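Colleague: Could you slot chains B and C onto chain A? The hints should help.
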Amino acid sequence: MGRWSRQLLTLPPTIYLLIFFAIPTVIMLFASFRFPGDYGGLAPWYSIEDGSYAFDLTWENWQRLFESTIYLELFVKSLGYAVITTAICLLLGYPLALMVSRSEKKRRDLLLLLIILPFWSNFLVRIYAWMIIFSPTGALTMAVNSLLDLFGIAPVSLMYSPTAVIVCMVYVHLPFMVLPLYANLEKHDPALLDAASDLGASGWQRFWRVTWPLSLPGVYAGSILVFIPVLGMFAIPDLLGGTNAIMIGNVIKQQFIESRDWPFGSVLSIMLTIATIALVWLGTRSGHRVKHG
Amino acid sequence: MLEIRGISKKFGDFEALKGVDLHIGAGEFFTLLGPSGCGKTTLLRMIAGFEAPDSGEILLEGKDMVGTPPEQRPVHTVFQNYALFPHMTVAQNIAFPLQMARVQADEIDARVQQALDNVHLPDKAGAYPAALSGGQRQRIAIARALVKRPRLLLLDEPLSALDAKMREQMQIELINLQKEVGITFIYVTHDQGEALALSHRIAVMNQGKIAQLDQPAQLYNHPNSRFVADFIGQCNLLEATVTDSDRHHADLELHHIGPVRVSLAPAVTVTKGQRCLLTLRPEKIRIARNLHALVDETHFCGKIHDTLYLGDVTVYKVELAQGILLEALLANSGNHASERFAVGDSVEVAWNSSAGHLIAEP
Amino acid sequence: MARGRMNWLKLFSTAVFVFLYLPLLIVVVYSFNDSKLNAEWVGFTLKWYGVLFDDTEMLTAARNSLLIATFSAAVAALLGTLAGMAMSRLRLRLLPALVLAPVAMPDILLGVSLLILFIMLNISLGLVSVILAHITFCIGYVALSVQARMGSMDDSLIEAARDLGASPWQAFSRITLPLLAPGIIAGALMAFTLSIDDFVVTFFTAGVGSSTLPLQIYSMVKIAVTPEVNAISTLLMVVTLLLVTLASRFNKHALRGTI
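Protein chains in written order, with the working numbering: chain A, 604 to 896; chain B, 15 to 376; chain C, 1466 to 1724.
Chain A on its own, in the form it takes in the complex (with noise of 0.2 Å):
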């Protein structure tokens, strides 16, 4: 390829990227150093009425950040939501992505179909639709109630709770995680099981001896694409979660449009974009531990 072609090809769309990408993610490091401005927002650079420029630069927004618990239990909190999630994830995920792998190869397609058909349905409608079924007046919370009833415990409001959550952060994440599993589980060879009973393993033997470790790559990835996404919530705890259930992501939203303070706003985003390049490569590096042995 000639150089020129090669320009041609990498040149356009690396400049949109560093521009509207890279940039932007290097202006919000520096942002986390700087003062909020007068009306909220951020300070300028650049001052219209006298021409100066100015670029102090001020530790203030992440002592903040240390100064009181608060936000550091929010991180745990996001985190032990994100552990919680993809857990539940993998537990119904993984037998799910085991069924269409052992099924027909003709079945397959289909079923991997019907997995992933609900996920390209609106992000915001599949919220709403568990919007739905948790309010005071729908058909699940009045069950719950009146089966509580019956022990002649006080009814519960399942909206705007942690479990109305988690519930609604795996409903809409869990293809995430039966995807790659099932692109893992599908390349085992059949022949690896009969082997194994033929040596003398009985089921569970061959799921944990064999099955099992097979797809830990598998299990990783899904995992992160999982974890991920949740960690950076916020629309589901926004919608779903009320003031009991907060996640990182709604303090980061609130800065930003609500109190205005992008300089603390950036602090939380740096550290969110922190632990989320720590975990990917975390993720990668077990996944390749148990590639290589």
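No wet-lab data here; the hints were simulated from the structure. These numbers come from a predicted model, not from an experiment.
Derived list of chain C stretches under chain A, where covered just means 3 residues or more per stretch with a C-beta under 8 Å from a C-beta of chain A: (1) 1476-1486; (2) 1545-1559; (3) 1697-1711.
Heads up, the beta-carbon is just placed ideally off N, CA and C, and yes, glycines get one too.
Modeller: Just chains B and C now, with coordinates in the frame of chain A:
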């Protein structure tokens, strides 16, 4: 018609070609034969124009081709996996080179039909490559490469994707086609049987160099090195020292076995005391239970070590003294079990003095 | 024994499928319910769809969504095709990271960092800012689709074209481009769908008066749950279903997205 002078090429630290010289005549069916990594494909890609040599010249009818892009060379290639354009019909595939050369539309149609007739697939014009069998794709790829009448047709292991039966049939078709069109073919393969069957001349390549260039029968009967003897067909290689020689014969001492006398090919000269290799093709060795059944001059006694019954022939590995195995091939022409030998049988092994070919060891 | 386990697996999987589809079914069913509440079934009606088509804000949002998706998909198709080809043919380090990161990062990060950028550059928040933002995450999907298509394409096809007399440009336009077309179309349709679907990035980069369908739904459900939302949700589901089916005709893995 094609002259290659001192071509060298390095890929990083790997020397793919180390100064290759070749002269290929017009109308020749020429084969580059060698194991993978010997440089044959690199050489072919240079003639086509996909690679540039580090040094050397490629002269096509006297004009240096180095630096000319592939589309401007009167050279077309039949690719290993055919490289038929999957989004075009057979007719569109064959028309492609003509369109690139801006041939008139009505002439294109006629020439495409003619090309299809030539490869015996006149009614496949509208089919897509995916709907064709391996052999049909092969024929279309050849038709496409020939439709513009190149000066030179390059074929890169074109039969390797076909099954054994189909391959034999395509070999015959290729020979006939080449005779018909009279275009020079340069054929690359690692299959020595294919090379022997198809070619007028073969260049055996090894580690970026031409090891031997000759006609098929010459290569088979008079290999010039251990590599060529080993690469082409099955061969027994016996180490020996020359004890005496004249213009037509040499007396040898086969190491661990004993003295033999061999006739020398015209080009081979050896001197007394020289170490050399005696090559013996398995089919030229005879085995019998007792000596009087054999008429050949050279004979040794041995013991059957292994037998491999292959239907038409049986391979016997005979142990001569001290663990030296000699492979012999016997046609199963009769029905008598008495002609067969079992492991452990003591036998006499014999060959004609002109059966062996001598290779001087450096 | 093994059969028994397979049956348990099937039973469990069926339950998960119910979990996946029941919520969506509820949304669709209530969109035809003749009641202001998403509670008991009262009777069949199409009046919520009628309300929808009288709602000028909703119609503007729909028009905005289509406009944004069309432009984003078109530009992302162009840039993504270049990126996908470059990534499969050249050994690059920067570009693959730039292409994949916006897809892999939580979308809120892309949203807020672009918000800062647009304000700094004095780009007013509106359709243009949303389109610029959507292109950023759409490039990755097109690039991956094109890269996969390039990966399954035999290099010798291009060599064959050159060998048979085509110039580099002719080889590209007659061979490479037609063979890549399904990958480009599938990627562009996916980009279109994802753009229509996007809530988070749009939330941060859209200004007043450039509301999209997801933003409109968000502001409606924030206030009160009404069956009009069910109606627009149902329509959106039908549209994405059509788009995704179309995309999968060009690339059978398009449905899986990047996963």
